[in-house]
Amino acid sequence: MSNHLILWEVFIQSKVNLPYKHVGNVHASDSEMALQNARDLYTRRNEGTSIWVVESKNIIASNPDESESFFDPANDKIYRHPTFYDLPDGVKHI
Amino acid sequence: MPNSIFEDKINKDLKIEPRDEMPDGYRSHLIRQMSQHAHSEIIGMQPEGNWITRAPSLRSKMILLAKVQDEAGHGLYLYSACETLGITRKQMIEELQTGKAKYSSIFNYPTLTWADIGAIGWLVDGAAIVNQVSLQKTSYGPYSRAMIKICKEESFHQRQGYEIICTLAKGTDEQKQMAQDALNRWWWPSIMMFGPHDKDSNRSEKALNWKIKRESNDSLRQSFIDKTVPQAELIGLKVPDDKLIWNEKTNHYDFGDIDWEEFWNVVNGKGLCNKERIEHHKKAHNEGEWVRKAAVAYSEKKLNKKVA
Chain A
1 MSNHLILWEV FIQSKVNLPY KHVGNVHASD SEMALQNARD LYTRRNEGTS IWVVESKNII
61 ASNPDESESF FDPANDKIYR HPTFYDLPDG VKHI
Chain B
1 MPNSIFEDKI NKDLKIEPRD EMPDGYRSHL IRQMSQHAHS EIIGMQPEGN WITRAPSLRS
61 KMILLAKVQD EAGHGLYLYS ACETLGITRK QMIEELQTGK AKYSSIFNYP TLTWADIGAI
121 GWLVDGAAIV NQVSLQKTSY GPYSRAMIKI CKEESFHQRQ GYEIICTLAK GTDEQKQMAQ
181 DALNRWWWPS IMMFGPHDKD SNRSEKALNW KIKRESNDSL RQSFIDKTVP QAELIGLKVP
241 DDKLIWNEKT NHYDFGDIDW EEFWNVVNGK GLCNKERIEH HKKAHNEGEW VRKAAVAYSE
301 KKLNKKVA
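Residue numbers (the working numbering), protein chains in the order written: chain A, 1 to 94; chain B, 1 to 308.
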């Protein structure tokens, strides 16, 4: 029997309608314990309305060394932003 | 030679993240400093835990329990942050228990009276806050984020300590004497918490260049003294330093010589409680072994049921 607790990443939604945010991790033997530990560790002052825990090994992250080329496709597409467009003076509701 | 990505980031005040390239010395300095910080939070629970059963009222007992629980939380935030550097929690605990890793020497002093619980919150947490506020700007992302969270929670700690001391200082002569006695014993160890003078601190320069540390030991110490002396005066207590005097030219307090021999003695294991603190940590850790085993066995059993 292995005697190691598993590492879980913890995400908290601070208020209904807001996105979940990564806050840190906990060690726990199963998902139930991970949720309880996350509650005790990260929400002692009502910081959350909901918690997600995910086994750390299941997180796939982009490689910081390649972030330049990885995010490159978005760099030259300024027409994706509303400020790119020429509009006549005085136009409203657009 | 062109700057590395690491140096560029440091120069631009950007945070270094776990998977970024970093020099070995940067990594090992962080592991040493952050694990020491985490161990301090954990060992720091002991002198305060000593008074939970003897807190003078239900109110103070509830508050002290919450505070000790926070310290455990702070230790865990820091262990988590430190693990991102490639050291495991198990290794860190081993290094603490074998004496390879240190914790703040302040926790090797005993808590003799209830006033000491006040002094710890007011002075020890007060000094820690000065240091931690500065560390919010540290260059390592996970450490910085842990510090921001800890600072938010820590200010209640200092206030609860000061409240205990204020209550005693307003009490009978005997109670006031108890508060003064606690200040007498905790003052010097508290100002030693900032570490050796800058000129004697050989690791400081590198840590400042790497922006791990953002202010020097002496400047943090001065800031703590300047904040704290008026708080003592306000409630009629005397800081135990005959050379302490306001200097109008520098706009700071001048203070007496620190007894560095005592500091190094306690760091090197000759404090009053060094042995007791580590023995207690080992005992708690070993006695909790069956709980960890049972938790793992239970989750394995559940998993096997699902498979079958």
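What the hints contain is simulated information worked out from the structure, not anything from laboratory work. A couple of the hints might just be wrong.
Claimed, not checked - Where chain A lies over chain B, by a calculated footprint (3+ residues, C-beta under 8 Å): (1) 11-25; (2) 74-81; (3) 292-299.
What the hints assert, rightly or not - Pairs of lysine-lysine residues, derived as DSBU-like cross-links and limited to a Cα-Cα distance of at most 35 Å, are as follows: (4) A:K77 with B:K12; (5) B:K15 with A:K15; (6) B:K227 with B:K170.
Quick caveat, the model's predicted, so the values are computed rather than measured. No residue lacks a Cβ here, since even glycine has one placed at the ideal position from N, Cα and C.
Each hint, compared with the structure:
Only when three residues or more bring their CB closer than 8 Å to a CB of chain A does the claim for the stretch 11-25 of chain B stand; here the count is 4, and the claim holds. Here's how the stretch 74-81 of chain B fares: 4 of its residues keep a CB closer than 8 Å to some CB of chain A, so the rule of at least three is met and the hint holds. Beta-carbon proximity to chain A at under 8 Å applies to 7 residues in the stretch 292-299 of chain B; the threshold of 3 is reached and the given coverage holds. Restraint check for A:K77 and B:K12: the C-alpha separation of about 27 Å stays at or below 35 Å, so the hint holds.
At most 35 Å may separate the alpha-carbon atoms for a hinted pair to count; B:K15 and A:K15 meet this at roughly 27 Å. Restraint check for B:K227 and B:K170: the C-alpha separation of about 21 Å stays at or below 35 Å, so the hint holds.
The earlier numbered hints are all upheld by this structure, with none contradicted.
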